[in-house]
Amino acid sequence: MEVAQSGEPQTESLAAEIQENIQACMQCGTCSGSCANSFAMDLTPRQVWRLVQLGEMDEIFKSKTFYLCSACYYCTLRCPRGLPLTEMMSALKRLAAARGIQRYKQSSNFYRTFMDTVKRYGRVREMEFINRYFLSMKNPFFPLGFMSVGMKLMKKGKIPLEVPKFFGEGRFDRLFAKVAELEAEQ
Amino acid sequence: MKKKIGSALVVGAGISGIRSGLDLAEQGYQVTLIDKSPNLGGVLMQLDYQFPTDHCGMCRMLPLVERDASSQFCLRKGLFHENINIMFSTELVGLEGEPGKFQVTLRQRASMVDPTRCIGCGECSRVCPVDVPDEFNAGLTNRKAIYLPIPHNIPNTYVVDTASCTLCGECEKVCPTGAIDFGKDARGRFRILVVDDELVVRDSLKEWLEDEGFRVDMAESGEEALKRVASEDYNLMLLDIKMPGMDGVEVLKRSKDIRPEMPVVMMTAYATVETAVEAMKIGALDYLMKPFDPDTLVPLIVQLYQDIERAGEHQMEVGSVILAAGFDSYDPANGKNTYGYGTLPNVVTSVEFERILSGSGLFRGKLTRPSDGKEVKKIAWFQCVGSRDQQADADFCSSACCMFAIKEALLAKEKTNGQVDTTIFYMDMRTFGKDFQRYRDRAEKDHGVRFLRNRVHSVELAGEGGELKVVYADTQGERHEDVFDLVVLAAGQRPPSTTGALADTTGIELNQWGFCQTDPFLRSRSSREGIYVSGSFSGLRDISESVIQANSASLEASRLIHSKGGGLSEESVSETTFRDVSRETPEILVAICACGEALPSAADLDLLREGIQRQGSVKSVQVIDRICTQEGWNELEQMVKEHEVNRVLIASCMPYVYGPKLKDLGQAVGLHPRLMDVVDIRTRIFPGHNGDKKEVARDMGAVIAMGLGRLRGMDPMPVPQIRVIQKALVVGGGIAGMTAALAIADHGFEVSLVEKSEHLGGNLRKLHRTIEGVSPQELLEETIARVEKHPKIQVFKKARVIHSQGRVGRFLTTIEKEDGGSEILRHGVSVLATGAREAKAQSYEYGKSEAIVTQHELEQKMADGAVDPKNLRAVAMIQCVGSREEPRNYCSRVCCATSLKNALYFKEQNPALEVYIYYRDMMTYGFLESYYTQARKAGVIFIQYDSDRKPAVAVDDGKPKISAMDPILGRELTLEADLLVLATGMEPAENNELAELFGIEINQDGFFQEAEYKWRPVDSIKEGVFLAGIAHSPRSVAESIAMGHAAAQRSLRILSSEYIAAGQIVAEVRHSICSLCEKCVSACPYGARMLDEEEGKIIVDELMCQGCGSCAAVCPNSASVLRGYRDQQVFEVIDAALEVML
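Heads up: the sequence lines are chains V and D, in that order.
The opening residue of the first sequence carries number 1 in this note's numbering; numbering runs sequentially from there.
The opening residue of the second sequence carries number 10001 in this note's numbering; numbering runs sequentially from there.
Quick caveat, the hints were computed from the structure, so don't treat them as lab data.
Quick reminder that beta carbons are idealized off the backbone N, C-alpha and C, glycines included.
There's no promise every hint is true.
Simulated restraints on C-beta separations [stated by the list, open to error]: (1) Gly10507/D to Ala98/V: 38 to 46 Å; (2) Glu181/V to Pro10911/D: 30 to 38 Å; (3) Lys119/V to Arg10479/D: 49 to 57 Å.
Computed cross-link-like contacts, DSBU-like style, restricted to lysine-lysine with a CA-CA straight-line distance of at most 30 Å [stated by the list, open to error]: (4) Lys10242/D to Lys10281/D; (5) Lys10469/D to Lys93/V; (6) Lys93/V to Lys10937/D; (7) Lys64/V to Lys10937/D; (8) Lys10077/D to Lys64/V; (9) Lys10378/D to Lys10469/D; (10) Lys10445/D to Lys62/V; (11) Lys10227/D to Lys10281/D; (12) Lys10445/D to Lys10469/D; (13) Lys10077/D to Lys10101/D; (14) Lys10848/D to Lys10959/D; (15) Lys10861/D to Lys10848/D; (16) Lys10961/D to Lys62/V.
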């Protein structure tokens, strides 16, 4: 593979931030040896960080490693370089969402629709959230995969159709708006 | 022995402290060597085997010339040198004055055992009820509170660990020689005043303390206390803080006005701890926390009593101070990541593993699993525990652990005939020293030690026997689980715990990790003039480097003392003339020490006396009570004079400690100490050995008869001496050579410096910046100017050595000068510092493009401005070009740091510039590691490669294109660079010819061969010829300077006196029966023998001969003999041992 010399990703600030945080990595492999989810990953965390150093972001987004991180913080705790690895995994997720990476759609849509309902009601309204999530995926067959778990949850009454009245629609919008405003000021 | 004006203090008696101390002592200075622990040798006491020989060899540090000034037995057992005063359990607590004239205060902890009376019988230890972990076995076994710090010390004196001693006094009762004294009688004179408003506290304290033998008075209020303090003399006041009326702090203040010297200890409840701390600021000694219980309180007060009454403070004046405080091992149990250390018994540190392997360790040398005592089949080593780990505050490499681990793996293989399975988990294998790489290769290829480049994080218990499960991801990303019997953690180095206090006392600066801050080029200089640092305390290093550093520190100390005109003067000794007894028949006085009642009660003295009297040459047998006391000694002296004998045999205990005493006796009676001997009869009647009195007397008689046999045949001839030409020759005018020349010349000796080129400065002329960002050019100019102006240095440029002959003390060397003429130089020592050069690049398309350069070429191009980082887009660097593989299978040590230096400079000048470094193992040992971290942070991309899979370089349109396998991603990375820098390393200059001229050896790579890698790193095999700088092995500028100092130091020990004497025990040849087979010549490990072809004789260089006896053992004709161990003598000794005398 050709090394991406002065490639485009460095222009983006988030990508640059990730790269800067990972540069001190010396590929000792403690993270890979420690990772609780590494059995399911296609790239090991060490490989991901190596690709970050080389600026190969596209390659990372082709793999599923970054979204399999369950943020257990083992690697961060153990990294001899003291690097914020878990935070950088999250940063990769944010970057993937920002770039609209197809593979990551399922996760990012899930987060977004989840947060939408929280913003609206101050809590999750399961039925609405799940419907919005399915719609956002723009794939009519997508919900089929959730059928069995959905049935079980409904049977146990975990997906109520009604929301208690004291959560008022629109009240949390303003709170989030204010936070966004404050963040923008900073 | 030579005596000089001036004295020095060496703090720390580990390997570097011993080296510095011996250096100065050999030069003739009076040295005080102190250590906070109760024993000599530091961490090396626990290590039986060292790389590269896998043996010890510490004794090779002992003096080689004037060797009779020192003890000549295993250095791990003890050290006695007539110019060294060793003080254990002692710390430096005060330092005032100025360089050349420091007033130091030393505090020695009370030992409670009188070392002159303790005979090491061990009765005390048997009755001691305390059990605490034994430091000597790294805590793997237990010891008593009265114990031997080192089981093999000579003399082996018990010491009391006051921290764990319960002061039960049992040992005091059983000691047969009355050596233990807890001072209970003295306690009756120690008056304590207890001040407390609560009656119950006063009463119970009084009762407890009076039980311990103290005299106690009480006061119930502050006012009463002050009255008592004013009227009576107390040694200690225990003072409650919270009292009605006048409170404790007020009482403290006022009592300090009345009796400022009286120690006061505050008593406080938890709530007033802060007040107590305040009180300490205004003069309280300590504070005790309520509520009290007698089991903890009483020992605390007794400890205070010991500190106050018995801690001896010594004041002295010294010219210079050397700090050799060493290092502490990192304790994984206190780290963020413990690897199960401290909870899983089969997880040990590398020092503990050494104790497991040691014959004097807990398993007596058998490789055994600590959890259940079963055989060990599989061992893993984890490198970089507490090193190279920012989570453990260690952005440094501990330098020694890689070789330590390889050595341990090989030892484990050796102990098990190769059966044990060994794996070393590492990040970079730092084999940067001389011959390290080949040692590693041998371990891997010949012995099957497995090396895995992975950092492992944690260890889990895997089985009931204590097996350990280790999970790691290999380079390709695959996860593995493996089970080991034993996991050895390579615990890194840390500054010693006493560093803070030492820095406060001496006013030296520490670096960010708590080690001593040193000058970037002069690593033995601390931030305070007159205080020098030696060994690991100045940075992380292995034994060999510590020894060089120790030489350097003692050189600087000596130079300072010399420049100050000597500082404090010690009485110099006048040479005694001994009576010539060579024409007299042997007449021996036998003095038997009765040792109080011990001897008469255990042995039949009459029988013994009678038996000895019958022996040949015995003139008189005397029984003297306690020869070790002054009275006993006076009586002995009287006897020798009275009986006019010419030999003396003392039968007592601990022969080793009599060396200096015999010298005194010899001077007093005019008899050479060689004609006196001491034999040990005391061990025979140690408790537990008791037997039939007649039989005991017979055993003792045999021992004495053996001594008589040896003494009878002792040669009374005087020891040969030679006159030294007090001048030096230094070959090579690089930084190492110039440093050595200046160091010798500054001591007032003439030096001839021979340089083959027209400039002084050597390789340093080509360096413009160091990794620390300092320019060495200033140092170089200053050094050259000093050399050229120095009145004692004569520089010969464009000159070379064409002939040399002679031996230590007297060399004749011919040089060819610039004008073609020759000159003969007479000198006593030679220093060879002929340097090395950058190796030629022969691979990676070198020569096919201007963009491919070596490191030196880059340095030059950057200095000229031909390379400007601002105009570059991408730079690649390849490490280990042509090195660390045959035929140049060694690490050149400086190239990794050089590449980092350049990479960091590039990144600083042009952050957008891409830098790629292809490396095998980054050799950023010691504090260099932090530059590696910096370079990584700056965005330099590092690509690891193996020697069987090197990067490929192609030149495309003048530009180098490099492709290499990235081991992490498992795929080829290709890139184009504007510049490709090849780190080719160093190769030696033509050393062969010079080696031949001076009669020394070179190693297979062409570097000069040292006599012993660890213990004599700057000595050549030939005494009087010393090696410095990169002609010996690759090293940095600062390291070359240290080596220049070291070579000068080794030279000065010879140059410092007009005459040097051989040892008393040297070999000689009976020419009439010598067949000139020359077996002895090759057997001699010191190069002290040669065939004189003109005379047709084997000649012995008596100065170089160390009296080892190898020649006498190989000689087929008994023509080679050892004075003091002639055949006749040895046969007599054997006969005496076998004969039943009585």
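Practice prompt. Decide if the proposed pair is consistent with the structure: Lys10378/D and Lys10469/D, CA atoms, cutoff 30 Å inclusive.
Written response: Given that 30 Å is the threshold and the Cα spacing comes to 12 Å, the pair holds.
Worksheet entry | 30 Å limit on alpha-carbon distance, applied to hinted pair Lys10961/D and Lys62/V | Given pair Lys10961/D, Lys62/V holds - Cα atoms ~28 Å apart, limit 30 Å.
Worksheet item: Holds or violated: Lys10861/D with Lys10848/D, Cα cutoff 30 Å?
Response: Holds, because 18 Å separates the two Cα atoms, which is no more than 30 Å.
Item to complete: With 30 to 38 Å as the target window, see if Glu181/V and Pro10911/D comply at their CB atoms.
Response: 35 Å, holds
Discussion item. Given the hint of 49 to 57 Å, is the C-beta distance from Lys119/V to Arg10479/D inside that range or not?
Written reply: Check failed, 41 Å falls outside 49 to 57 Å.
Item to complete: Take a quick look at whether Lys93/V and Lys10937/D sit within 30 Å of each other, Cα to Cα.
Response: 23 Å, holds
Worksheet item: Quick one, are Lys10242/D and Lys10281/D close enough, alpha carbons at most 30 Å?
Response: 18 Å, holds
Discussion item. Check whether the Cα positions of Lys10077/D and Lys64/V lie no farther apart than 30 Å.
Written reply: Given pair Lys10077/D, Lys64/V is violated - Cα atoms ~63 Å apart, limit 30 Å.
Discussion item. Check whether the Cα positions of Lys64/V and Lys10937/D lie no farther apart than 30 Å.
Written reply: The given pair, whose Cα atoms are some 27 Å apart, holds under the 30 Å limit.
Item to complete: Would you check the hint for Lys10469/D and Lys93/V, treating anything up to 30 Å between C-alpha atoms as holding?
Response: 33 Å, violated
Worksheet item: Straight-line Cα separation of Lys10445/D and Lys62/V no greater than 30 Å?
Response: Distance ~41 Å between Lys10445/D and Lys62/V Cα, so the pair is violated.
Fill in: Proposed proximity, Lys10959/D with Lys10848/D (alpha carbon, max 30 Å)
10 Å, holds
The structure fails hints 1, 3, 5, 8, 10 and 13 (numbered hints given earlier, in ascending order).
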